[in-house]
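Participant: Respectively, the protein sequence lines represent chains U and S.
Taken in order, the first sequence gives residues 1 to 89; the numbers are from my numbering.
Taken in order, the second sequence gives residues 1001 to 1359; the numbers are from my numbering.
Just so you know, these hints were derived from the structure itself, not from any lab.
From the three backbone atoms N, C-alpha and C, an ideal C-beta is built for every residue, glycine too.
Check the hints yourself; a few may be wrong.
[Unchecked claim] For each label pair, taking beta carbons as the anchor points, the in silico distance ranges come out as:
#1 Arg-2/U - Tyr-1004/S: 30 to 36 Å
#2 Thr-1176/S - Leu-32/U: 21 to 27 Å
#3 Gln-1294/S - Ala-68/U: 47 to 53 Å
#4 Glu-1145/S - Glu-63/U: 55 to 61 Å
#5 Glu-11/U - Glu-1205/S: 45 to 51 Å
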Amino acid sequence: MRRSDRIRLDEAVALRRERFGALAYSYRDRQLLFIDRRLLPFVSSDGGRPLGEIADELIERGELQEEALPRLMTVLEGLRRKGIVHVVV
Amino acid sequence: MSSYETLRQGLSAPICLTWEVTYACNLACVHCLSSSGKRAPDELTTAEARALIDEWAAMQVFYINVGGGEPLTRPDFFELMEHALQRHIGVKFSTNGTLLDRATARWIASTDYLDVQISLDGASPEVNDAIRGGGTFVHARRAMELLAAEGFRFKVNHVVTRRSFDQLDALYELVTGMGGQLRVTRLRPSGRGAMVWHALKLTQEQNRRLYAWLRSHPDVLTGDSFFHLSALGAPLDGLNLCGAGRIVCCVDPRGDVYACPFVLAPEFRAGNVRERSFAAIWRDSPLFRRLRSQEVGGRCPSCGAYGRCHGGCMAAKHFTGASFDDPDPECVFEPESGPWSTVVPLPLRPRPLRPVPLR
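Next comes chain S alone, as it looks inside the complex (with noise of 0.2 Å):
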């Protein structure tokens, strides 16, 4: 049986899993994918929490990735990411850096097993700012010079958008003359960035560049987002298919399990783990099940690429209002849709940063 077939048909547990610990964000970034801002008042305590990495830990769940909002609001997160290494789970957790100080650097460059990574959607200011709101470059840039300072390899994870494209190059210059690694992933039209999906979604152009320049820089990561792309020609590193339910899932502040962390929509919610085990979700749940026996039917399968891009990103196609059948909506063999000026005005604003001395 292929890599491909047995990943398909699901793991024993997720690979990772992307876990959202709160909606609580000090940022209101145009693209958020969970549409974070305010803390959900039933998001799980801390003894739940606890319990829920025990249980991962059980499982030998190898990783977890921390996300939210922002995960240095909540309050117990230093506590919860101890648990999670003690209990020999890897963390990678993505924070927009406005709350990292230099303790804070300390403890991160301390730790074992532990990855950060800086939000940065631009190389400059004008462009990262118009997205994730004025002064957040001018923030991510103070802690990754603090991580620095601390000897420690962060990574900076950018989602490339048709503004940002043309600062790749700069941007992988900031970032590894400062010792870090680049991590560039691709917008969803999830959460709020359904609402800025067809103003900031990278042109068919950009997109074949993109390809090219991935291939031409192999020390970027890319979290397999870009599987795709990978129609074009060699498949790009990463195992190049869909996960969602089958070797990842994403669990949200509340405890409901998702499929992926691009989904968080009720028709891809396969239960709560304060009403079931996790372990339980993700062996049995219906959703889990029909997602480890579908394949993308419709045109793909007849195309001589689909081998390598498998019909792309079902939360791509779901919020896009495409059918699991259909081809991604960025396939690279159809045709351009959306506007064709790489900049195009949002309909949205990001809500600035509240002033916050550096230290």
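The following block holds chain U by itself, in its conformation from the complex (with noise of 0.2 Å):
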């Protein structure tokens, strides 16, 4: 996943915030996924901004260091394979 990319919730697929951070449910093959939530602002962003600029604002105000980006993206994109999410293009 690269910080130009802009993702969205796949529409089959419901989110549900929780203490740690979301539930998400894909109503098309029935599997549950556990969402940090720092994830959220990026799982949730439908597909407005780039994944950067979203990263950009949170290292801004302290919540999210910039060293955890990468595994964030790579989680990110793990998301993408399942179908959770899909790049906008």
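Hey, can you piece these two chains together into the complex? The hints should help.
Facilitator: Okay, structure coming up:
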């Protein structure tokens, strides 16, 4: 996943906020996933803004450490492969 | 915090809940969890049921497991299911298949996000019908054929017992051969199941073989019901914990809310939706708060397998007279209890199905 990518949730995925972040449930293949709270701003962005822009804002507000970003991008890529999120083209 | 800890402390809403929509059933299976047969006179009305669905939708309950009784005996069944689907709640409904006709199969196939589980408790009429009633094997199979003809990937739910255990491979072949998916679940000593528990529960040897069988059949669903067997090695697929009042619950036909579908007993009743909103019961009932703060004590936490089975099933303990802190009655490390024979006479007989023409 690249900083310039915009992502949105799959239309068959429901996202429910929980203490730890959120639960994502895919009605397409009935899979349930735990979404860490650090991923929420990206996963719930609805394709409106590039990932890098969201990350910069979180880092500036002290809500995300820059070193954690590569790992988050990898996890987001995993969610894309599972069909939970899609890259907006 | 581990995902186990997160889930043990409860969620903002159930991931899924079981909704027993009626106690009416045209069968009387010997192991029925809800002792179903006759409709209760004070079951939720259509308007009450629709309002409950609206509340679940607002809470973002992801899906509901609809059972009974036989859901298809409820005249407003299709209306309620359509309403749930329109409110973006997934539906998994369980049926004995006897009332499932071509029109129903067509309706099922036309829906999105609706799963159907047909109950079948053996790969032959001899084994299945001794538990579910004479004629039920033929009708369940007919229901499978009707759904298959519509191109619908149905599921077959099988409560595995010591009588059916040796038929697992045959059942798998039967179901997958028709394009379906097999789901194997655990017998619980709940409802009428308490009366046949000793006659039908798996032997320790069968439990060990079942664990290996499930590990080698990852396409077989289990509804997470064998987490007590994860003590034998690598955890089985699923969350591997008791979700009662934490991530699941059960609403009965009268609107009583229970911790799970296997504990329909007054001590596990958290409230009634006619007296209090479902959301308030879920969030604040003393019973659910207690379950979310409780961990199995006793010998279990010092066992090397505790991290995989977490002490087993609360319902199985309760209805066998064990305490919450005791090991699961089918704990794989406990000595064998009960009979050894795989065919033990049943103290109950199922009511045979009244002759119904197959359409």
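Participant: Each hint: holds or not?
Facilitator: Structure-based check of each hint:
1. Arg-2/U - Tyr-1004/S: 30 to 36 Å: At 34 Å between Cβs, range holds.
2. Thr-1176/S - Leu-32/U: 21 to 27 Å: With Cβ atoms ~24 Å apart, the hint holds.
3. Gln-1294/S - Ala-68/U: 47 to 53 Å: violated, 34 Å
4. Glu-1145/S - Glu-63/U: 55 to 61 Å: holds, 56 Å
5. Glu-11/U - Glu-1205/S: 45 to 51 Å: holds, 48 Å
Against the hints set out earlier in the document, a violation occurs for number 3 only.
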